[in-house]
Amino acid sequence: MRPLTRLCSIVRNLLARDRVERDLDDELHAALDLLIEEHLRKGTPPDEARRAAMLQLGSVESVKQQVRDVRSGAVIDALIQDVGYALRVLRRSPLFTATAVLSLAIGLGGTAVVFRLADEYLFRDPPGVENAHRLVEVGRIDTGEAGGFYGGDGFDTFSYPNYLDYRERQTVFAGLAAYHVGGIAKFGLGTFDNAVRVPGAFVSANYFTVLGVPIALGRGFLPEDEQLASPSTVTVISHRLWQTQFAGERDVVGRTIHLNGRPFTIVGVTAPEFGGYSIDQQSLWVPITAYPDGDDLRRVGLRGRQWLMGIGRLKDGVTIDQARAEMARIGRDLQAEYPDANRRHGVGVAAAGAVPVVLRSIVNRFVGLLFALVGLILVIACFNVAGILLARGVARTPELSLRLALGAARHRIMRLMVIESVIVAAAGAAAGLVGVWGALRVLGQLIPLLPLLDVRVDPSIDWRVVVFSVVLAMIVGVSCGLVPARAATRIDLAPMLTRDGSGGLARLRVRSAFVVVQVALSVLLMVCALLFGRSLRNAGEIDPAFAVGGVEVVGLDLRLGGYDDARGREFAQALMSQIETLPELEAAAFARVVPLTGEREGGRAWLPDEYGDERAIDASQNIVTPGYFRTLGLPLIAGRNFTGSDRAGAPAVAIVNETLARRAWPGETAVGKRLVLGVSRRAIEIVGVVRDAKYRTIGEQPSPFFYVPAAQRYETVMWILIRPTGPSAVRQVRAIIREMDPNLPVVRAASLVEMTAFALFPQRVVAWLAAIVSTIGVLLAALGVYGVAAYHANQRTREIGVRLALGALRGQVLGLILRHAGQLAAVGTALGLAAAALLTRLLEGMLYDVRPLDPVSFAGGAIVLGTLALIASLVPAARAASINPVDALRV
Amino acid sequence: MSQPRASLLQGTLDLLILKALSAGELHGLGVSRRIEQITGGTFVVQPGSLFPALHRLEESGWLKSIWEASENNRRAKYYTLTKAGKRQLGEATEQWNRVALAMTKALEA
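Protein sequences appear in the order of chains A and B.
All residue numbers for the first sequence refer to the working numbering, where the first residue is 21 and numbers rise by one.
All residue numbers for the second sequence refer to the working numbering, where the first residue is 20 and numbers rise by one.
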């Protein structure tokens, strides 16, 4: 049959059903009339004629039904009927429907949220980039370590001269670009009284060509834009920036804007979608050689100054392994040619991706874990729904028996039950998507708060997540419905029709298996949740050695205001003396690094007579003003604090922590000793020792640390730490800054508690998710145990009646039901603990001070589940024990 | 649906209906009469088989129907072959002849 004809028929049959039916009715009645007339003509009396005609035609209704069955779309028609029926059935048991829909909504919604985030940030090709799968990232790897690099940690930056050599010597890439994002590439876009901070990147001139990014307006960079001798101060801006900051005006090309106080000419606007190729997004690009002027420009030409990452496009036919081999060779050559600058300096190649190579394995594990958690809850929810369907199948046994006995096809009844579960799953998916929508809105507000990265924010619901949810819901619906449907229709008709029957033992077994799985999975989840919870509590209980509460932080980057070193120093000093006059403050300080935010300023130190890598003390440092220790409440143990006389030009001083003091001068006093810092071997005198604290993350081990006075080392990035007497003084500090320089944007203002919260952000997310998910899982499992116990008690009502009549004690009956439920819970718990013992090892890296086989968590999981299972089975058991034997036997 | 012979009989019935209509338009009962007549009374098509078959063939695009006045001025639904139906009749006849020939040969062997 031609498909089109068929489609037309289906549409007609479904949409114009009334007309089609009337037509059929008319046709058959016309046929009947014809027959009657024939008989009349033969001389049969009217009554007889009618009767004979009807006999001849047969039952009009039955003929109609036969016609209906062959019509196109008969299946769809039947399906619509089934759906209608299923909806009526579901509406009649709202409690079941609500539980099932809700549990599936949580499972489906959770998986959809994780899918959406992973899809947006990990799976999808970056918008506006041509053929993204042919792009690779190029970075420095440490050849001192054993083994090669294949996309793990330790992917780092290289210098501009090295980049020029890579570009010159390589033959595997159609193009190799370099770029720098991060700290110094945040631009202050000054338009006088409103300066904004704009994420940008320094890029090589071929950047847009290599990525294949179309330029929508004006031009991209030309080779002559990238010149050390005479750097052109030009910039290409993103389409979004063009729209938001320049109102999409066509004459934007050629206009001069001030970036970090320096004039730049806009030469082009990129195609609308582009904002960089990774999740770290940019809004404007500037040639590498336009790197801040003065000293910094000279540093661009230094081979030892590593600050660039590479991105290359593989030539057609070249594999990533070939590229890796060639870049490794070039790296070895350059090591040999420049042994000083390129010590242990290898070159690695990794597939380009949304997540920077260094973070990739962590992010993948994190996302995998989230998927596992939401996936588990989905599986539990499935078993829950299947279990309830099974129970309802039992309750409907008389009805189903009747239908089967009347000749309903078994597959039709199974289809009916599967449709029911698919409807439940579809409703669950719909409810889940509403939840996804809400969750994504909340996440959309949280994501910009993430430190360090300027992540693309647009995790709204799209068709991919809808398709994902719908497909998943269909799979879930069919698989949840199939087993119960098979079980429910496998009915021995004869006894069912005569009595209430007790042949449900097979079904009890299936359902028990379901409950065992549910219990096992929720025990697994519970153990994970307890592990994370304990880990988080341990982390929270760690004393960072300073007071996190009551401290506020305001971030500035003087470069964004276009300050050079001399003016910056002056400004910083003036700002601090202004802030110190605020009566609302107990203490205030500048610091280069805010503790516990994951940031670290490295600083290698040597004893004055020692040299070489082996003897170096790998320390970290912070650059602070004298008020720092008082603001954070860090006690000085020996020596003195920095003072106003520790200024530029005065003897260089430092304060070390206990670990560094112990390490460098075991058993001696550190005050008065000397250290040399960095490659320049600048000597400093130790003037004080301060208590050990947590610096980078709360979970770290004590490590060597030293502080240098800000007056002796100028830094453009400074965090103002204040301890207000009242609840907050951020407003006052902002006012001072605005008054002193309206063009200087405040990078960030928050409480220290908020800022440090990010140190444990992934752990917190996982712990919360695990807690929510495991609570739901355990409750669902308890519901399952309750259902099985109730069913079990119900099945044995008559038996219990007999027992009681024969003198059994109520306690014995109670035990009968409890024992069965207890067995299920015990088997499930044992399986769950075994699974946990196998799987929690994978969590090791995310736990703080808790072993993966932590006995408390394991015991806790078992106890929680056991208690709930007992409570859940107690109610039906008590009901069974209170049966009146006379009633039970009278049935 | 439940009889295993349905497909064989169905094919036969379809061919007979197409053949019956090849001489001109007929209403439902007319088709059944005509089949009885051309098969010499061997096949008596019951309404329960006839009407579903007519509707199926119409949906396949081989027949079309119109309401017309019958010989004694009653309204009845008349079926005629479409172009596709004529083509189908030719093909099915050919097919049938091949099968019949083969069957005859096989049974005589």
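By construction, these hints were calculated from the structure, which means they are not laboratory data.
Some hints here could point you the wrong way.
Computed cross-link-like contacts, DSSO-like style, restricted to lysine-lysine with a CA-CA straight-line distance of at most 30 Å [said to hold, decoys possible]:
hint: 1; chain 1: B; residue 1: Lys124; chain 2: B; residue 2: Lys102
hint: 2; chain 1: B; residue 1: Lys105; chain 2: B; residue 2: Lys38
hint: 3; chain 1: B; residue 1: Lys38; chain 2: A; residue 2: Lys62
hint: 4; chain 1: B; residue 1: Lys96; chain 2: A; residue 2: Lys335
hint: 5; chain 1: B; residue 1: Lys105; chain 2: B; residue 2: Lys83
hint: 6; chain 1: B; residue 1: Lys38; chain 2: A; residue 2: Lys84
hint: 7; chain 1: A; residue 1: Lys84; chain 2: B; residue 2: Lys105
hint: 8; chain 1: B; residue 1: Lys83; chain 2: A; residue 2: Lys84
hint: 9; chain 1: B; residue 1: Lys83; chain 2: B; residue 2: Lys102
hint: 10; chain 1: A; residue 1: Lys62; chain 2: B; residue 2: Lys96
hint: 11; chain 1: A; residue 1: Lys84; chain 2: B; residue 2: Lys124
Partner residues aside, some chain A positions facing chain B, computed with beta carbon under 8 Å [claimed, not checked]:
hint: 12; residue: Leu54
hint: 13; residue: Leu55
hint: 14; residue: Ala72
hint: 15; residue: Ala73
hint: 16; residue: Leu77
hint: 17; residue: Glu81
hint: 18; residue: Ser82
hint: 19; residue: Val83
hint: 20; residue: Val87
hint: 21; residue: Val90
hint: 22; residue: Ser92
Computed list of chain B residues with no C-beta within reach of chain A, every gap over 12 Å [what the hints assert, rightly or not]:
hint: 23; residue: Leu37
hint: 24; residue: Glu44
hint: 25; residue: Leu76
hint: 26; residue: Arg117
hint: 27; residue: Lys124
hint: 28; residue: Ala128
Backbone N, C-alpha and C define an ideal beta-carbon position, used for all residues, glycine too.
Hint check results:
| no. | hint | result |
| --- | --- | --- |
| 1 | B/Lys124 - B/Lys102 | violated (33 Å) |
| 2 | B/Lys105 - B/Lys38 | holds (9 Å) |
| 3 | B/Lys38 - A/Lys62 | holds (29 Å) |
| 4 | B/Lys96 - A/Lys335 | violated (72 Å) |
| 5 | B/Lys105 - B/Lys83 | holds (12 Å) |
| 6 | B/Lys38 - A/Lys84 | holds (24 Å) |
| 7 | A/Lys84 - B/Lys105 | holds (27 Å) |
| 8 | B/Lys83 - A/Lys84 | holds (19 Å) |
| 9 | B/Lys83 - B/Lys102 | holds (10 Å) |
| 10 | A/Lys62 - B/Lys96 | holds (23 Å) |
| 11 | A/Lys84 - B/Lys124 | violated (41 Å) |
| 12 | Leu54 | holds (6 Å) |
| 13 | Leu55 | holds (7 Å) |
| 14 | Ala72 | violated (14 Å) |
| 15 | Ala73 | violated (10 Å) |
| 16 | Leu77 | holds (5 Å) |
| 17 | Glu81 | violated (11 Å) |
| 18 | Ser82 | holds (7 Å) |
| 19 | Val83 | holds (5 Å) |
| 20 | Val87 | holds (5 Å) |
| 21 | Val90 | holds (4 Å) |
| 22 | Ser92 | holds (5 Å) |
| 23 | Leu37 | holds (14 Å) |
| 24 | Glu44 | holds (14 Å) |
| 25 | Leu76 | violated (10 Å) |
| 26 | Arg117 | holds (22 Å) |
| 27 | Lys124 | holds (32 Å) |
| 28 | Ala128 | holds (37 Å) |
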